[in-house]
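S.K.: Sequences and hints are given; from them, build the entire structure.
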Amino acid sequence: MLPVNTINRLLTNFQEFEVSGVIIDLNVDHFYLFEIIKKIRERFPKLYIMMMADGKIGEKEHQQVIETGVQDFFVKPMSYEKILFHLKSGLKQRKKYLQKRAENYSNQIVRKMISE
Numbered sequence: 394m395l396p397v398n399t400i401n402r403l404l405t406n407f408q409e410f411e412v413s414g415v416i417i418d419l420n421v422d423h424f425y426l427f428e429i430i431k432k433i434r435e436r437f438p439k440l441y442i443m444m445m446a447d448g449k450i451g452e453k454e455h456q457q458v459i460e461t462g463v464q465d466f467f468v469k470p471m472s473y474e475k476i477l478f479h480l481k482s483g484l485k486q487r488k489k490y491l492q493k494r495a496e497n498y499s500n501q502i503v504r505k506m507i508s509e
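Going by the working numbering, the letters in the sequence shown line up with residues 394 to 509, in that order.
Rather than coming from a laboratory, the hints here were simulated on the basis of the structure.
Some hints here could point you the wrong way.
[To be verified] Just the calculated beta-carbon pair ranges, DEER-fashion:
1. P438 x V468: 20 to 28 Å
2. N401 x Q456: 20 to 28 Å
3. K469 x N401: 17 to 25 Å
Predicted, not measured: the structure shown is a model, and the values here were computed from it.
Built from N, CA and C at the ideal position, the CB exists for glycine as well.
M.R.: Written out as structure tokens, the structure reads:
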């Protein structure tokens with residue numbers, strides 16, 4: 394886990410390190426947060442994205458969280474152990490999903506080759 398305190402540093406880390414998951418604070422002071430998350434999702438479709446927030450969030454914000462492709466959401470305060478559990482669990486589920494997707498894609502290619 395590598396903490397960053399700015400969106401720019403986050404994007405730089407994607408280039409410097411092999412990143413599997415990210416936890417983004419909804420309360421980060423950035424006007425374009427949801428647009429940035431959408432762009433991250435487009436550029437890194439395999440990335441597991443979690444989001445956290447202070448207290449209760451509104452219906453509109455909750456909808457935006459879902460629409461941007463965030464896979465997990467929790468409300469602070471939350472213990473380090475629980476966050477780590479969510480992250481490990483989410484990465485494991487994401488890995489299974491990607492493996493299944495790769496198998497399906499491989500099967501489609503083989504079927505196409507056989508039918509030609």
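S.K.: Tell me the hint numbers this structure goes against, listed in increasing order.
M.R.: none
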